[in-house]
Each structure stands twice: as structure tokens, then as C-alpha cells.
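Just so you know, the protein sequences line up as chains A and B, in that order.
All residue numbers for the first sequence refer to the numbering used here, where the first residue is 1 and numbers rise by one.
All residue numbers for the second sequence refer to the numbering used here, where the first residue is 1001 and numbers rise by one.
Honestly, the hints are just simulated from the structure, not real lab data.
Given the structure is predicted, the values throughout are model-derived calculations rather than measurements.
Cβ coordinates follow ideal geometry from the N, Cα and C atoms, glycine included.
Hints may be right or wrong, so weigh each one.
[Said to hold, decoys possible] Covered stretches of chain B (chain A as the covering partner; in silico rule of three or more C-beta atoms under 8 Å from a C-beta of chain A):
#1 1003 to 1011
#2 1085 to 1094
#3 1120 to 1131
[Said to hold, decoys possible] Below, computed lysine-lysine pairings styled on DSS-like, alpha-carbon distance capped at 27 Å:
#4 Lys16(A) - Lys1075(B)
#5 Lys1241(B) - Lys152(A)
#6 Lys75(A) - Lys1241(B)
#7 Lys1006(B) - Lys107(A)
#8 Lys1006(B) - Lys128(A)
#9 Lys129(A) - Lys1006(B)
#10 Lys1207(B) - Lys1121(B)
#11 Lys248(A) - Lys302(A)
#12 Lys68(A) - Lys1241(B)
#13 Lys1075(B) - Lys135(A)
#14 Lys285(A) - Lys254(A)
#15 Lys16(A) - Lys1006(B)
#16 Lys238(A) - Lys285(A)
#17 Lys68(A) - Lys1234(B)
#18 Lys129(A) - Lys1075(B)
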Amino acid sequence: MSITLKNLSKTYGTQKAVDSISFDIPTGQIVGFLGPNGAGKSTTMKMLTGFISPTSGSATINGLDIEKDALEVRKLVGYLPENNPQYTDMYVAEYLHFVASVYQLGKNANSKVEEMISITGLTPERKKKIGQLSKGYRQRVGIAQAMIHDPKVLILDEPTSGLDPNQLVDIRNLIIQLGKEKTVILSTHIMQEVQAMCDRAIIINQGVIVADDRIEMLTSNDKKRQEIEVEFIEVVDKNLLLAIDGIKEAHALKGNGWKLISDKKTDMRVALFEFAKNNQFTLIKIQVNEHNMEEVFKDLTKKK
Amino acid sequence: MIAIFKKELNHFFSSLIGYLSIGIFLLITGSLLWFFKGGVLDYGYATLESLFNLAPVVFLILIPAVTMRSFSEEKNMGTLELLMTKPLRDIDIILGKYLAALVLVIFSILPTFIYFYSVYKLGAPVGNIDTGGVWGSYIGLLFLGASFTAIGIFCSTLSSNQIVAFILAASLCAATYWLFDIISDFPMFSNGLDYFIQQLGINAHYKSISRGIVDTRDIIYFLSVIVLFLAGTKTVLESRKW
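The shape of chain A in the complex, shown without the other chains (with noise of 0.2 Å):
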């Protein structure tokens, strides 16, 4: 179930929400959507589910045409809109019900409805109003109805905005874990969680696509570059820090904590060993920062 956009674009009034976007997404990747708000992520997935049209451009999941042949397109595709909307005065089985019959499911409704409550963890909830579930529940309940007509293609729009760090992780591994054999889209703006979760990030910034890449490429793509943080019992001058082989900047940190950049691309940890001993410095800190997603996508999206 592939996912093709070509030249996608969304015009409000003047202002250009999507300025002509095309990337390929071939079945069975998990593709981070990524950008500041007002990037165009939600917009996009929105001309993507059929709730709203494209101005210009085409996009197809798995050939079909998502404006000609919106209604197939739909039955294949599971959407979690952005903020989770939900029928709050329903109940978790009902809706779940509701939905499986908007979709149809017939003979198979009840077993699946059993089938998402029970994977989803919402057994202890399920007679309760959705209205009275804790966030996290709710967006279980989300997933539910994204998931129950067994989609080959999984669109979710900021899953994990709002909750907590242990709803974060068991959301985060609701996905992977059903996500398996699924092409699957999910908008964050969370760096870690594309790390943890995506194959493949594409970062979007003032409606056009600023990078678009597998996670390792986009992370590994700045090595001439190494930053280090170190922390000595005693003061360290700044000049001796500076007179070490290789060290460009030093920056101080809180006590007596330095973050040091090197353009070498040789492992500067043994250097500063050295440098601490021949100094009688007592070193009790020394860690290479990662160039993480973060920096990517604040180097990425700030430029502009």
C-alpha cells in the first residue's frame, strides 16, 4: 500500500498552507511527519483522508486516486485527526460498534470490536462514557476506531500530544506493535518519538518539505563536527581547554562544566583524559552529545 503525493498543495486565500509537496512512501514504512505548528502537516493529512481537497497536485494510496476515488480510498486508510475528536457523551463499546458498522463490518463487528478493546488495553474502561476516560484512554479509544476495519494504511495526526511519560510509551508501543505491515504516517513534533518509532522522517516547514530522509542519514549527516560535555572538580582556565589539539569553542556550563566542540573527527574523550591528567584535573564528567533529531530539525526549520 503505497503512498504517492505529487506536487500537493493547499491554498487558503492567499496564504500557501502546502506549497507543492511530493514524496513517496512505499508499503510497510513508518514515515514521521514532522514541523513546527502551521508547518502544513495537519493539512496535508487532511487532503490525504479526503476531508478536504487539494488546490493543485495529486495523491494516490495504493493507485487510487484520493479525490476520484475518495470512498475506496477511505476504507483502506485509518485516520486519527488531530485533538482525537470523540462522541464523549457514548460509550467505549458503542462507539466502537458505531464505527465497525460505518465501515460495514457486519458479522465480523462484534469480534472486532472485542479484538480492538482488548489490544488497545481498554478492557477495564469499556463501560465507560468516553467523556469520563483519563487522556490517554481516550486516545486508545482513537486508535481503536483508526484500527478497526484492519487499514493497510495508518494516518495519525499527533497521537501523543498531551499525554504523559507512561501513556507516551504505551501509546508509542501500541503503534509499533500494530503498526507492524502497515504503511503508517504520524505528524509529531516530538523529536525522541520519531527516533523511537519511524523508519523514515520528512520535515516540513512553511508548507514545503525541508528534508526527507531514513533517521540514521538525517542524525549521521554532521559528523566534521563533535560536541562534547565535560566537568572538573577544579576551575579549568579556558585558554588551557582551547590549547588542547582539535578543541575549537568552549562554552561554560553550570559549576564548573564546559561544552567543548571539536572539528576532529577522531574521538576526543582520550585527549581530554590526557589533557586532565597531565593537568592534575580531577575529570568527573565527559560525554559526546549526539547530533539527535532535535538539533536536525531546529537547524532545519529555524533558517527560514
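Here the structure of chain A is known, so what remains is to put chain B in place on it, guided by the hints.
Just chain B, lined up with the frame of chain A:
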């Protein structure tokens, strides 16, 4: 469509909305027909005229109250996006909601058959009542309710605020019911135009059917109003794509 219809109907009868609107309709029409001054017992004639004069006015308030949430609430809570991205055609959603509201209207009319039966029995001799007129009036009331429901559904797509939807619907129902009658009374239209203006309003056709003659022109008029407003609903829903 069936799924939406069931969900809406469930919503009416799992909350107070359904019982309250049926109850209030029966309370008002019942008390005016039987107990208040000018009612059947006071007036002394075996007629249901006061029921059929009053029911449209009660519907004018009750139907917009029933339909005001149908799309407004979905818009407000964002669940419209959920519905619209399911494999449902827009018309399925509209008809599901429309028919569920219409069923509620029918349920509130049905118990008034007891009034008819009572007045029928009270007549001297028994059955001395214009049965044809009563059936015509029931058909007219049904079409009137169906038209008001279509107007109400249409108005609820116009705003995500239920109060706004209610006021719009009540005003629009009142306008289609009375306004054309009032305009046709203006002296400048006494040259014969007044008839045509009157025919644009619901009241003229309701009165015409109430006489017990089911005229195809009246039926076509009511069906046109219903189709017009449901088509309007569809257009407003599609406008999200513009």
C-alpha cells in the same frame, strides 16, 4: 446511512432530548385542546382544529431545538472530520441525521391519535367529525414537520454554535411559515400577485391539505422545500473543500 441513522436515534432516546420534546409537544397541544378555554370541551364542537392550528407553532420551536445539534455539535467537537473521513457519502450522513430527526417528529405526532379517537367517541352521534379533514391535517402536519426538519438540519450546518443554529432555524421556519402570508397582505400586491406570494409559504399549502384534499401541487411544494434545504445542507458541507 443506517449506521448514522441508528446513532442519531440512539442519541435522542438515550438522552432526555427525545422524551422531552415528545413530552412537551403533547403537554402543550393536549392542554390547549382539552383543558384551556376554547378547548374541545369548552367549545362544544367535535373538531381537532385547535390542535392543528397550534401544532405548527409548537414545531416552530421544538424542531429547531431537536435539529440544532445535528451538525453544529459535530463541527464544534471536530467529530465531523471523523465522519467525513469514513467511507460514507455526504448524502448518507445528511439523510441519516434527517431521517432520525424526522422519526422523532413522527413519534411526537403519533400519540395525538388518542386525541382524535377521544373526540371521535365524544361526538354526538359518535363519529360526528370531519374524518377526511383530520387525515388531511395529519398529512399536512407531517409534511410541515418534515420541511421544518430539513430547514433545521440546514441551519445547523451553518454554525458550530448550537444557539446560533437554533435561532437561525426558528427564524427561517417562522419566515417560510408566515412571512409570505404577511407580505401578500400588503396593499400593493392586491392586484392578484398576493395569491402567488401566498403560495410560496408553507401555511397556504398546510391549510390547503388540512381541508382534506391531498393536492399534488401541495405535495410537490413540500417535497421541493425538503429537497431544497437538504441540497443546501450538502452544499454547505462540501464548501469545506472549496
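For each hint, the structure was consulted:
no.: 1; hint: 1003 to 1011; in the structure: holds (count 6)
no.: 2; hint: 1085 to 1094; in the structure: holds (count 5)
no.: 3; hint: 1120 to 1131; in the structure: violated (count 0)
no.: 4; hint: Lys16(A) - Lys1075(B); in the structure: holds (24 Å)
no.: 5; hint: Lys1241(B) - Lys152(A); in the structure: holds (25 Å)
no.: 6; hint: Lys75(A) - Lys1241(B); in the structure: holds (20 Å)
no.: 7; hint: Lys1006(B) - Lys107(A); in the structure: holds (17 Å)
no.: 8; hint: Lys1006(B) - Lys128(A); in the structure: holds (20 Å)
no.: 9; hint: Lys129(A) - Lys1006(B); in the structure: holds (18 Å)
no.: 10; hint: Lys1207(B) - Lys1121(B); in the structure: holds (25 Å)
no.: 11; hint: Lys248(A) - Lys302(A); in the structure: holds (24 Å)
no.: 12; hint: Lys68(A) - Lys1241(B); in the structure: holds (14 Å)
no.: 13; hint: Lys1075(B) - Lys135(A); in the structure: holds (21 Å)
no.: 14; hint: Lys285(A) - Lys254(A); in the structure: holds (13 Å)
no.: 15; hint: Lys16(A) - Lys1006(B); in the structure: violated (40 Å)
no.: 16; hint: Lys238(A) - Lys285(A); in the structure: holds (17 Å)
no.: 17; hint: Lys68(A) - Lys1234(B); in the structure: holds (18 Å)
no.: 18; hint: Lys129(A) - Lys1075(B); in the structure: holds (20 Å)
Taken one by one, the earlier hints fail for this structure at numbers 3, 15, listed in ascending order.
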